[in-house]
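Novice: Working from the sequences, and respecting the hints, build out all of it.
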Amino acid sequence: MAPTVDLEARFLAYVAAENKVEPKHWMPDAYRKTLVRQISQHAHSEVVGMLPEANWITRAPSLRAKLILLAKVQDEGGHGLYLYSAAETLGTSRDQMIDDLLAGKAKYSSIFNYPTLTWADMGAVGWLVDGAAIQNQVMLCRTSYGPYSRAMVRICKEESFHQRQGYEIMMHLARGTQEQKAMAQDALNRWWWPSLMMFGPSDDQSPNSAQSMAWRIKRKSNDDLRQEFIDKTVPQAEFIGLSIPDPDLKWNEERGHYDFGAIDWSEFFAVVAGNGPCNTERLEARRKAHAEGAWVREAASAYAAKQSARRPAAGLPAKPHAA
Amino acid sequence: MSTPDQWPLWEVFVRSKNGLSHKHSGSLHAPDAEMALKNARDVYTRRSEGTSIWVVPSSAIVASAPDEKEVLFAPSDDKVYRHPTFYEIPDEVGHM
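Listed in order, the protein sequences are those of chains A and B.
Sequential numbering from 1 applies to the first sequence in the working numbering.
Sequential numbering from 1001 applies to the second sequence in the working numbering.
A couple of the hints might just be wrong.
Stated by the list, open to error - Derived pair list, reagent style DSSO-like, types lysine-lysine, alpha-carbon separation capped at 30 Å:
#1 Lys157(A) <-> Lys1023(B)
#2 Lys1038(B) <-> Lys24(A)
#3 Lys1079(B) <-> Lys24(A)
#4 Lys1069(B) <-> Lys232(A)
#5 Lys1038(B) <-> Lys306(A)
#6 Lys107(A) <-> Lys1079(B)
#7 Lys1038(B) <-> Lys157(A)
#8 Lys33(A) <-> Lys1069(B)
#9 Lys66(A) <-> Lys1038(B)
#10 Lys20(A) <-> Lys1017(B)
Hints listed in this document are in silico derivations from the structure and should not be mistaken for laboratory results.
Specialist: Shown next as structure tokens:
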């Protein structure tokens, strides 16, 4: 009689009945491990995702555009923090996760290993990359792990502005001069396929998918999410007169979906393996930021230690009632 | 590379508007209460979500254990007479 078999069966029935798992609940080790990996990768993606866009803050074409971009990049940092906190409820530490990222041991979304070459890329990233992320994140709002689900709800609320501001940039460029429209089309050409790859390999190539679905961590397959994204995005491109760089793309009346061309998965696996255009640059930027911020962290710690030595109850507000 | 001692964890509670209770928003690391408040403002109220913030050291929170759920909460399940709908009052009496 193995008691864990019993517990695992009960756990599966519990999540299958759409119940949420909270940090102190019993959960299978593999469920915990999968979540730690997935949530921390997700957090790293938000943090590394700040880099390609930060690249354009000082060169935004107007003060309005600059304010929006700053707010968006700040949001991404915040999203990283929500997710790190969610992962910590599973027993890993923030320091461990950051160390893993900086040591190159942890993964983040490969999309951020592509460069942002022109201002139109800020449009394409918001519209397509955030659009694809939203598709995935809306699904994750219903994930079985409570803290992850709550972080996703908060993130989705904020993310919608990201996609809309990106589409607005593309729309303005597409309706501008010939050169501006060409710039928008070029950005769409470069970001389209990597955005489709964000959903991950096809279901038959994705061995962990079935288990994640059974645990109700994932609610939809990679292929289904990708199809939903394409069906939504194609009319948006048509509306602003840009063309999707896929000669095989066409509406399939019978399926009620767009058919699309084959994805070059060799490119995806090469970028995942570290051979994308910006893998080295992104990690170096994170390491540099972490190293250059060391004195700030040390100063804050020293100040806190000094204050708490002076006041016995330091760290807690000296008020009779918190309200 | 990393901070020698990881900063303590704080739980953040935000009052969305006066008249409502503070509600748990999430958590964050900070070296002291003052920084925890400042960070909470930046992380959890970027879109006018709040009029007041509480930060509480996570270590100060005492939580009930999930396996005590039955003992703690089951006793109230069979006390339907604590709900107004348990009592049948004729319609003629009007709203009560």
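Novice: If a hint holds in the structure, say so; if it does not, say that too.
Specialist: Going down the list of hints, with the structure as the test:
Distance hint between Lys157(A) and Lys1023(B) is fulfilled; the C-alpha atoms sit about 17 Å from each other, no more than 30 Å. The hinted pair formed by Lys1038(B) and Lys24(A) meets the criterion: a straight-line CA distance of about 29 Å does not exceed 30 Å. Proposed proximity of Lys1079(B) and Lys24(A) is supported: the alpha carbons are some 28 Å apart, at most 30 Å. The suggested pairing of Lys1069(B) with Lys232(A) is violated, with an alpha-carbon distance near 44 Å, which exceeds 30 Å.
Taking the CA atoms of Lys1038(B) and Lys306(A), the gap is about 19 Å. The hint holds against a cut of 30 Å. With a CA separation close to 52 Å, the supplied pair Lys107(A) and Lys1079(B) exceeds the 30 Å bound. Taking the CA atoms of Lys1038(B) and Lys157(A), the gap is near 22 Å; set against the 30 Å cutoff, the hint holds. Between Lys33(A) and Lys1069(B) the CA atoms are separated by roughly 26 Å; this keeps the pair inside 30 Å, and the hint holds.
At most 30 Å may separate the alpha-carbon atoms for a hinted pair to count; Lys66(A) and Lys1038(B) meet this at roughly 24 Å. Annotation: proposed proximity of Lys20(A) to Lys1017(B) holds, straight-line Cα distance about 28 Å (limit 30 Å).
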